[in-house]
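Please work from the sequences and hints to get the whole structure.
Note that the sequence shown covers residues 4 to 625 in our numbering.
Read the hints as simulated data drawn from the structure, not as lab findings. Treat the hints with care, as some may be off.
Claimed, not checked - Pairwise CB distance ranges (calculated):
id, residue 1, residue 2, range
1, D553, E486, 39 to 49 angstroms
2, E260, A226, 22 to 32 angstroms
3, R57, R27, 51 to 61 angstroms
4, V448, Q385, 36 to 46 angstroms
5, E271, G323, 49 to 59 angstroms
6, A543, K496, 22 to 32 angstroms
7, A226, E300, 50 to 60 angstroms
8, L33, R318, 41 to 51 angstroms
9, P499, D361, 30 to 40 angstroms
10, G216, N482, 51 to 61 angstroms
11, K540, F227, 36 to 46 angstroms
12, K53, K501, 56 to 66 angstroms
13, Q385, M458, 23 to 33 angstroms
C-beta atoms are modelled at their ideal positions from N, C-alpha and C, and glycine is treated no differently.
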Amino acid sequence: MAFSPFRAIGQGIKWIWNAVDASRRFTINLIFLLIVLFLVIGLFSSNKIKVEDRTALILNFKGDLVEQHAGSASDAFLAEVQGENKRSTQLRDILTVLDAASKDPKINNAVLLLDGMQGAGLPMLREVAAAIERFKASGKKVIAWGSSFDQRQYYLAAHANQVYMHPMGNVMLTGFGRYRNYYKDALDKIGVTVNVLKVGTFKSFAEPYIANGPSSAAAEADAFLYNAMWKFYTDGVETARKLPAGTIMKSIDNLPEMLKAANGSVAEFAVEAKLIDGLKTRDDLRQMMLGMGVKDEQTKSFKQITFEDYLENHRSFAFGPAVAVIIAEGEISEGNAPPGAIGGMSTANLVRKAREDDQVKAVVLRVDSPGGSAFGSELIRQELELTRKAGKPVVISMGNVAASGGYWVSMSSDEVIADAATITGSIGVFAIFPTVDKVMDKIGVHTAGTTTTWMSDAFNPLRPMNPKFGEVIQQGINNTYYEFTTKAAVARKTTPDKIDAVAQGRVWTGEQAKERGLVDRLGSFGDALKSAATRAKMGADYRVTYIERDPSKFDRFFSMFGDNAAQAMTKAINEKFKVAIAPTGIPPVAATDMVKDLSWLADLRKENRSYMVMAHCMCALP
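Now the structure itself:
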């Protein structure tokens with residue numbers, strides 16, 4: 004055959020291509036094998052840190068105290084790679100560490116460092132405080148130190164044996180309560196009409212959009228709630244610090260005079276008020292701890308192990324019959340939601356997963372939610388009811404908030420256990436339908452057309468709400484409220500009328516809810532676990548397993564980028580409001596609150612609907 008230069012070139016290109024392809028496959032396979040190797044090594048190698056005698060446990064909580072880390076694993080990984088602080092600390096991890104350390108003969112005391120701790124609800128603080136008390140009951144001391152203490156941090160610090168603070172620090176106790184922004188006049192000026200339809204005298208979620216101040220019913224309910232919770236706080240601190248009842252209120256009421264007597268030193272005032280035991284720098288604390296422990300020659304400090312390292316030492320991978328815990332934390336939507344939020348579908352799927360697991364003998368639903376979608380709440384409640392019918396006990400453990408939709412999901416259970424300070428109840432329903440027809444008039448835009456029925460354009464926010472459409476929505480809300488109260492009556496073994504009397508959208512503390520028959524008893528998360536195990540006849544040595552959503556590889560990849568479209572929309576809305584607010588000289592914190600409140604109206608469009616029937620209490624942690 005005659006030599007063909009084109010054929011030779013083609014064969015050369017083909018050979019090169021095959022070589023490149025083979026190299027590519029070899030490289031990818033090699034990388035894959037290396038990843039598998041690292042995973043196997045990580046799985047079977049021990050990361051445990053050896054704890055020596057007379058070691059101090061450093062309780063350095065970071066970020067918000069939560070039931071479950073929010074977001075995906077990739078979010079946490081990226082944050083760590085970028086050098087950002089840990090976003091949150093899980094309650095379950097704190098309880099695991101403190102209870103294990105209380106029984107560990109090598110741990111002789113604990114140091115509570117709370118500068119990095121941020122948000123936390125009072126029921127969660129009470130859970131951690133109880134664990135600190137259990138640690139102390141084992142004969143070990145807890146020393147708390149802070150550069151300063153905010154109200155949440157101080158609640159935990161007060162339960163230590165000794166509390167110290169930097170000489171330039173401050174104990175900031177302010178009490179509970181809040182002022183909300185009201186936007187009726189502002190929305191009127193720009194031409195936005197917010198149509199609110201609701202059932203429940205005390206259902207005050209939407210008041211900021213239709214009024215310039217709280218209704219008398221809302222003010223009454225808030226005062227009743229906050230005063231009760233403040234008493235829980237002050238009683239807890241005064242008992243822990245062995246102070247006479249009323250000491251904290253007296254200190255706040257007489258703050259100017261007492262501060263003057265301390266020559267203006269807030270730190271000295273805290274010592275005089277017996278809120279703390281003394282003033283120490285960080286080095287003073289180190290020297291004191293050296294006297295209580297053993298010197299570590301390598302670090303030149305006292306022997307210690309951090310909260311994170313001690314937690315790693317006590318992670319277990321047990322098998323066998325278990326009580327399954329499902330976390331329902333955050334606002335409730337209808338579909339799927341990541342950890343830190345509740346999706347009607349995704350959380351219902353977790354309940355189903357627990358029900359179909361032969362190793363799971365009982366379920367505890369840990370609720371920390373102000374509510375959200377009524378439909379999403381019902382999806383979860385139905386799955387819990389099916390779980391009970393399958394013969395597996397269901398116990399509800401209420402955390403910081405279990406109100407409105409958070410109460411709805413709690414209505415199919417064998418027992419409801421709340422903390423005395425849990426915010427619960429708020430049995431009520433509402434819908435919001437904002438229209439911007441007046442805005443269109445101001446800018447000279449008009450809308451008109453022909454439809455076959457009045458419903459064809461009923462959802463158009465560019466036109467005033469049709470009264471017929473408002474009646475349709477109201478009838479739907481009335482029906483949802485009927486479903487809410489009827490299901491609550493069945494769950495609480497009472498009548499709808501008696502439920503209605505304590506419903507009407509009103510929120511209660513757990514203690515108040517117990518008095519009104521809305522919960523079975525007051526107790527902790529641990530009490531709920533014990534109840535579930537007892538009901539399932541599991542004995543004292545039961546295993547606890549957390550049923551959580553398993554992210555797919557696509558979830559892990561795409562979560563790195565987030566919901567770009569939604570982020571872009573939210574950013575555009577926020578920037579517009581910020582531009583409008585900025586020239587007025589409003590402080591950034593206040594501006595942020597305003598942007599959040601007003602953006603909530605725009606967020607209704609995310610669900611591709613103009614309104615949603617909501618069971619939401621708009622509860623803010625005090």
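Item to complete: Kindly indicate which numbered hints from before are broken by the structure, ordering the numbers from low to high.
Response: 1, 8 and 10
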